[in-house]
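Colleague: Listed below, chain by chain, are the residues.
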Amino acid sequence: MIVPRSARRVAPVRVLFAALLLAGIPALAADPVKWDAARTTAPDSPAELKAMQDAVHNVVVKCTPATVGVKLENEMVIKGKKLFSMAQGSGVIVSPDGLVLTAAHVISPEPPTPYKAGREVTLIVPFGSQVKEVKGKTLGVNRRMDSGMIQITEKGPNDGKWPYVSVAKAANIKKGQWLLTLGHPGGYEPGRPPVARLGRFQGLERYIRGVEMNLLRTDTTIVGGDSGGPLFDLAGSLVGIHSQIGPPLDVNLHVSTDTFKTDWDAMLAGDVLPYPPAKLGIVFDEKAKNPGGALVEEAIKDEPAAAGGMKDGDLIVKFDGKKVASPDDVRDILRKKKPGDEVEVIVKRDGESVTLTVKLGRK
Amino acid sequence: MTARRLLTAAVVVLLASAPAPAQTVSELVSARGKSTSPFAPIVAKANESTVRVRCDDKDTVLGTIVFADGYILTKASELKGRVTVRMADGTEEDAEIVAVHTPTDLALVKVAADDLHPVSFSSTRKVPVGNFVAAASAGTGPQSVGIVSVATRNLRGYLGVFLARIDPDKGGAKVDDVAPSGAAETAGLKKGDVICELNGKTITGEQALRKLLESFKPGDEVKLKLQREGKEIEKKLTLGGPGVPPTSGPNRGDIQNTLGGHRLSVRRTGFPTILQTDMILKPEQCGGPVVDLDGKVLGVSIARAGRVETWVLPSETITPLLADMKSGKYPPISLKKEENKADKKDDKKEKDEK
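For the record, the sequence lines run as chains H and G.
Numbered according to my numbering, the first sequence spans residues 1344 to 1706.
Numbered according to my numbering, the second sequence spans residues 194 to 547.
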């Protein structure tokens, strides 16, 4: 694969730098150079290298205490025999009461094998100057996006509280931005603290094998055992959770923190996402021009919308409390709902506003 | 009967082809010879001490000049056949293997020269995780750059057991689980065994056992006394190490570590102490000096150990060996002996397994 190289050429300055080093001239700048975590270019001077090194070092110090190992015993039945396997991965603490973000595949099996929150896990955590094993229980997962949550069920080292990292908006990351990975490659190894790797944001991988996953791609190398571990920007904020790798050393894929944020409350509640699709039972008029809402061509008999009182010809103007201007607007909201949810729908019918309650069905 | 297998949770492997990446970390290195790399001046001095070691006319590994009168350190396990060294000026010199130190996999070779530029080693004791490192090259610019992933640590010998957190009332360390293909499983340890003695020392608890193990290396033989169902049992075992290939078949770790065909160093385990970095070096690019941002030599790159790691033998492990290596204390015959020893160990294992 040909990697496009930068066309920028810089005049050779090697001799000058060597002369400066030999002369022992101290740093020229009055203020020490500070590394801007949002910067997307490479450092190009000894001062910038030192600034970046300081930034990396600070992230390591700040974020290592919140980086954990995760151990989970899985039970499988193969040919009538019970087999146990121990899955090992990583995670990161994001709240003082011990909420941990990790990867779905660390704590839950692949669908269609069922998963229910509340499984016991063991976390390997830095505890003062030692390393301890503590208990936790799994919360919700999004098995399509590979995100998951765990709640530590023991008290932390800081007056009962846990060291934690802040969760940033991953959408703001730009190509070339420098990022730091921590985790336990190969599984937790006694005597080896979380392993640091430096790299850059390479882009978004929207689809993996045809499934929309929106993973971040970096060249911080990760490998089995790192799953669920944290990816940070150089300000020390969490931007990703390790998920997959490709054969090339620079294909390392991480679940974006934005994915976690979208599903946050649902995962805290222990939900298994993605929800099965919710059904309305409406045929929309897609051709209507500027209807000012989502025009219902047919509210199918015995389906959820009709059961809630919707009639053919209704114009949906508000759906689940949000204004809608088209069938697509309704679908966008519907995607985030689950079967059984009750939604309030306001329609215009014969010049009047009618409020309906529709209990969503299952596709 | 339950069979237990240890799986390291896969980072799930994506086997579809990936789109071409934009700038990568290696852009920072750029091709050797491009002086645009900010690391070029940083490695310039160490590059003068870096040579190419060739075996039977093939570039095999790099070497680090340690004495001006022609002595060069390199990776012992890579040497075979006729060894020569390509110097900075392009000339090729015959090399004589003067010493081989198996635990560190270092060889000292000698060429006819008396004005070489040896490296000056600096301790890694205060080098923290996150600091930049750069591997010198036998040309201009760095061979690779990266950061310190794990600060210098002693590699402990592994029993391959999961120990219970709560110690038995009578003392000892209780085995909660036995890691498959580990030293303990090979020796026949079982869940529930209580380890009460290691090499004659009484084990008071799990923490005590861990502390005691710190002084052992992968490959060390130890004698254990166990309590099992009221009986005392003695076991002898050879400690394993991180990355040590299991005794039975490849594990998922190996598969992921070489995913994409990226080769690892053949000898990549059994070192006493290493500085772990995330530099990307091929096995044939190991053996040269590794420097920090000030150009100080922190050690010699000794192995491409996995997808995420290149290991460096730190200065403080190397310097105590140099005089002895030069004076003949580690004759190179041990290179041949190790091969025979490995064969003997396999025979012994077949006898011990019940």
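Read the hints as simulated data drawn from the structure, not as lab findings.
Some hints could be false.
As the list claims (entries may be wrong) - One side of the interface only, derived from the structure: several residues of chain G facing chain H at Cβ under 8 Å:
#, residue
1, 325
2, 349
3, 453
4, 456
Think of the CB as a built atom: it goes at the ideal place given N, C-alpha and C, for glycine as much as any other residue.
Colleague: Can you verify the interface hint for residue 453 of chain G: is its Cβ closer than 8 Å to any Cβ in chain H?
Modeller: Given a least distance of 3 Å, the restraint on residue 453 of chain G holds.
Colleague: Can the hint on residue 456 of chain G be confirmed by a CB-to-CB distance to chain H that is less than 8 Å?
Modeller: violated (12 Å)
Colleague: The hint names residue 349 of chain G as touching chain H; please verify it with the least Cβ-Cβ distance against 8 Å.
Modeller: holds (6 Å)
Colleague: For the restraint on residue 325 of chain G, tell me whether the closest CB of chain H is nearer than 8 Å.
Modeller: holds (5 Å)
Of the numbered hints stated above, the single one contradicted by the structure is hint 4.
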